[in-house]
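Participant: So the protein lines, in turn, are chains A and B.
So the first sequence is numbered by our numbering: it starts at 162 and just counts up by one.
So the second sequence is numbered by our numbering: it starts at 88 and just counts up by one.
Note that these hints are calculated values from the structure, not bench results.
Pair ranges (Cβ atoms, derived):
| no. | chain 1 | residue 1 | chain 2 | residue 2 | range |
| --- | --- | --- | --- | --- | --- |
| 1 | A | Leu171 | B | Gln1147 | 55 to 61 Å |
| 2 | B | Pro594 | A | Tyr243 | 55 to 61 Å |
| 3 | B | Lys501 | A | Phe212 | 57 to 63 Å |
| 4 | B | Glu628 | A | Phe212 | 21 to 27 Å |
| 5 | A | Phe212 | B | Glu845 | 35 to 41 Å |
| 6 | B | Lys808 | A | Phe212 | 41 to 47 Å |
| 7 | B | Glu845 | A | Tyr248 | 34 to 40 Å |
| 8 | A | Ala276 | B | Ser866 | 54 to 60 Å |
| 9 | A | Tyr248 | B | Thr850 | 48 to 54 Å |
| 10 | A | Glu295 | B | Arg706 | 56 to 62 Å |
| 11 | B | Pro773 | A | Ile177 | 55 to 61 Å |
| 12 | B | Thr850 | A | Ala276 | 33 to 39 Å |
| 13 | B | Lys808 | A | Tyr243 | 37 to 43 Å |
| 14 | A | Ile232 | B | Glu845 | 41 to 47 Å |
DSS-like cross-link-like pairs, simulated, lysine-lysine; straight-line CA separation at most 30 Å:
| no. | chain 1 | residue 1 | chain 2 | residue 2 |
| --- | --- | --- | --- | --- |
| 15 | A | Lys269 | B | Lys717 |
| 16 | B | Lys1076 | B | Lys996 |
| 17 | B | Lys730 | A | Lys269 |
| 18 | B | Lys808 | A | Lys268 |
| 19 | B | Lys717 | A | Lys268 |
| 20 | B | Lys808 | A | Lys269 |
| 21 | B | Lys418 | B | Lys808 |
| 22 | B | Lys730 | B | Lys912 |
| 23 | B | Lys405 | B | Lys926 |
| 24 | B | Lys418 | B | Lys996 |
| 25 | B | Lys418 | B | Lys405 |
| 26 | B | Lys808 | B | Lys926 |
| 27 | B | Lys1024 | B | Lys1076 |
| 28 | A | Lys269 | B | Lys926 |
| 29 | A | Lys268 | B | Lys912 |
| 30 | B | Lys581 | B | Lys1076 |
| 31 | A | Lys268 | B | Lys730 |
| 32 | B | Lys912 | A | Lys269 |
| 33 | B | Lys926 | B | Lys996 |
| 34 | B | Lys926 | B | Lys717 |
Glycine included, every Cβ here is placed at the ideal spot set by N, Cα and C.
What follows is each chain in one-letter form.
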Amino acid sequence: MDGVILSWLLSFFLEIGLVCLIVYQLMCLADLEFDYINPYDSARRINSVIFPEFVTQGVLSFLFLVTGHWIMFLLCVPYLCYNVRMYMHRQYLVDVTEIFNMLNWEKKQRLVKLAYLVIFLFLTIFWLIYSVLEDDE
Amino acid sequence: MSAHVRSLTLKQRFSEKKCKIATSAELDGSTISRFSLQLFSFLSVSLKVKVSLLVLLHPPLLILKKQPMANEKTGPPNFPGRPAASPFAAAPPTMTPFLSAGPVVGSEASGYGASSPARFNGPSISSPPPSYVPYDVGSYQRFPTPAIPPSQPIPPSRGPPPSQPGLSPSIFPAGQQILAPSPPVSFRPQPQIPSVPMGPPPQNVPLTPSRGNVPHSSLESLFPASRPTLQPSLHGYPNVQANPTSQVPSAQSPFFAQPGGYVPPPPVAAPIGLNPREQMQHFSAVPPVGPVQGLVEEFQSLSVGSVPGAIEPGFDSKALPRPLDGDIEPKSFVEMYPLNCHPRYLRLTTSGMPNSQSLFSRWHLPLGAVVHPLAEAPDGEEVPVVNFGPMGIIRCRRCRTYVNPYVTFSDGGKKWRCNICALLNDVPGEYFAHLDANGRRTDLDQRPELSRGSVELVAPTEYMVRPPMPPLYFFLIDVSVSSVRSGMLEVVAKTIKCCLDELPGFPRTQIGFLTYDSTIHFYNMKSSLMQPQMMVVSDLEDIFVPLPDDLLVNLSESRNVVDAFLDSLPSMFQDNVNMESAFGPALKAAFMVMNQLGGKLLIFQSTLPSLGIGRLRLRGDDHRVYGTDKENALRIAEDPFYKQMAADLTKYQIGVNIYAFSDKYTDLASLGTLAKYTGGQVYYYPCFQSTIHGDRLRYELARDLTRETAWEAVLRIRCGKGVRFTNYHGHFMLRSTDLLALPAVDCDKAFAAQLSLEETLLTTQIVYFQVALLYTSSSGERRIRVHTAAAPVVSDLGEMYRRADTGAIVSLLTRLGIERTLTHKLEDARHMVQLRIVKALREYRNLHAVQHRVGGRMIYPESLKFLPLYGLALWKSTPLRGGHADAQLDERCAAGFTMMTLPVSGLLKFLYPSLIRIDEYLEKGSTKVDDFKNSSKVLPLSTESLDPGGLYIYDDGFRFIIWFGRMLPSAISFNLFGVELSGFPDLSKVILCERDNEMSRKVMGILKRLRESNPSFYQVPQVVRQAEQSRERMLLVEDQSGGSSGYVDWILQIHRQVQQSA
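All chains should be modelled from the sequences, with the hints used to inform the complete structure.
Facilitator: Dropping the structure here:
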């Protein structure tokens, strides 16, 4: 059953990575709001990690799919769809000219993502421990 | 692009960093990032693991914000300051009254609220005490208000005391009722009585000596002297309709039958909604005897009745209010706070700030301000310039507020208290002055910054991040075939040449040119050359600048070369048959040339950009998109290139003005984005022909080049604790949450901002606003223009309505509506506007429905009487009206961009243009234009105003439409045009110019006169003959046309919606 544990471990790290990326974006937005950095830098920093975030999330979903964790995959799907939709509509990048008007929305969106990911993280940890214990028996 | 930016030299990066610092110099003091805290608490609970990581990533979040002061000096820029005291001496005599009014002191300042007259814009504003208002009944009715305490005595012999609303109907006619049974229903305890007898306010608002001890207990209801004995119907009984407005008996007025024996009821005290504090405020506004007088609030009403001759119920269209006098600035507010800046600089949508969230949520109109920082002042009212010299500008340590008339001095003059954040600051030694017995500074009359609401401060080097830039004009001119054919190129070249002498900032002014079709042409204008050298770059993929210097030259040094270039420009390209336009690459090239200095970029574009990066496609004529969710995409930039470019341009202090000339679709939505985020402006000349529109282009380009421009500016509006500006609307780019970056701003730009309440309850009596515009003047001086205003905090909704300013409200609503069209359908934007008006009127109705039987009448506050009409005009304005067929997409976008920058008066004129009949004046003998001014009157914009035998001028500030009636004697048209109009095939080709006869000269005189009243734009006369143009109907705002309702229907519609859930 090593494979299962390995897959949970891998998804755990991917989720950690995603959380980091989201938190980084949130911090850029918070900095912007309180004027530590100017909108140009903020937008540049956020935009530089958006694509990695999308890719990581895609990989995570794919991992759930191929390892047969259907329920986790289904839970991933809304997030994935949202990302794909944003990407298709070319709305995924932060717009530096409108960043202040969109600030609340951008923040809210990322906080929701963060909450989503944290739930995921707990689920993953649960499954990880569960499969380790199962393995022991 | 990005490659270029990345390869910036170190020096540029350095200055960029500095830029950020300068920005923060403008900033407010230390705030802990609320959000960060939130985030942290969240993280610390659920994500303890990551906190350490976070901290590593981002230490500053944990640190309390320490505001860097703007003391980064940047070496050279030590510009000779102005002679220190000279401006003071020049302080105009008008200051003296203010001075005598005494210094306004923070705690005392609340007393200013006391002098509030009861209403705005009233026709009888100048007439004495408000309580007599009912005598001069205008074309509307007035009613008692709910805001009046029950205890108020009533003016002698005007009527009996008010009875409680519940009672009055049953005992009607309730004349004999005495006051005793009407105790105060809800006498709210007064939280703060401004007990300090304040320094006397302005001369025009006499303070009563007794106001400190005006009785405000219910005992005063026993005032015997003022007890009236007879009372006509109370509480808005319908018989008050016996007044000129409503000649029509209202359906709901059973008592109307009692003929005019009744006068409109006097102001009566209404039993509820009492607010003692307000009461106090009112007292002082009126002579001591009549506390009641100040308590009048009246609303106006329209009766729905059957109009004679009409079957359906409706309003009498003649009785509807119309803004025929144009924009009226709220005078009473200025009188109340004489130290405020003039309303031309700052107008609040209501000068009564709500004191609580709940009150704020009942104010459905936008709450905010329209700021016009560089508004042109008439002669004699210029903003005084103040130079603090070496001691530096006096500002609050904490909130960075500039010293202003509302700060208070204490401690013998050693300290001053900031009026915005209440921090006690030290007065620098050089600035010290003794206080007199009243606590006023003895040198008050020497200090404009302490006695005037608007001052201009000369900023020392701390306010510079680099040496003040020279005025810089860069021209990006499309030379493709359509520009040449339409004559645009020639007009532009000639106009620029004419203006060279008048460009501001001589001798530092810099200038440069770049032309493009399918290739890009650079011009070397080095002063040592005789003729400009042209360099053609045809590689559009990888743009480079062929010559690092000499593309931008000092005008005074290279004047000969520039002259030679402008002379030869039209002929150089006269045989050009190139139809392409490499706009994007050319823009990038211009950016590369300009980004060292910044400046103003004027773009002349006459085709759709078709080559290279930023090329656009025809997307405007697809009518199927309208009505779908994708509709709004047509009105925003198609290619992200434009937004990105706009952001970069602003970053390097480049302001863009777009001149668009095409007769075909040019995608102004995309091009205009450049102007939108750089503080620029869009000029649109559809189907440009130099013979017809040449004058307009000449005038507007010349104005653009020669008007006073503020360079590399930032604008911030500070306001007192508890309120905050959250949304800004206009052409600028936000550089931080409340800092507007304006690379180039001038006297024709206004900005709007919306307020929100941060605290649930405001404890202060007055909210102060301070607009600060930090800019570089053309002469190379760094300056700060500061406008300060105070507004009272009110606790009553009625008071907010009374103090509302229709002009500012319409201005904000317009901007909100236009912004809505960028994200939603046109229809949604229109409904948003309508809904807000309906909600506001519904709230107002609810406010009054309790005490008065408003029945089926439509009621609205005096201050907002024009709001519905402007709403209708907005509904029908170019950016919002109809659908696909009702306006060209480009036209819509251009109008939208223009309206986003218009100041209040210009916008109101655009929404409700003036219509003047001139044929009578023409046929009269008198030749003086003054006579015309006296005899002409502005007519309502409906078909009824148009007489087939008349000649009219329709002036919306952007064009004149000369309307010929069908029956107009042909002699007139012959005199004006030299031809018979009836035989003329295409009236749009008719050119009105001066001919050698009396009548023609008179008409030109009138047009000239009208133009002088609005110098921002040039109005091209356009001839329209009655019923010959389909679009003629759209001009008349009050008429029904193509799916939109007329004024009467509109009012009915609003009225119904107001009643629906009233």
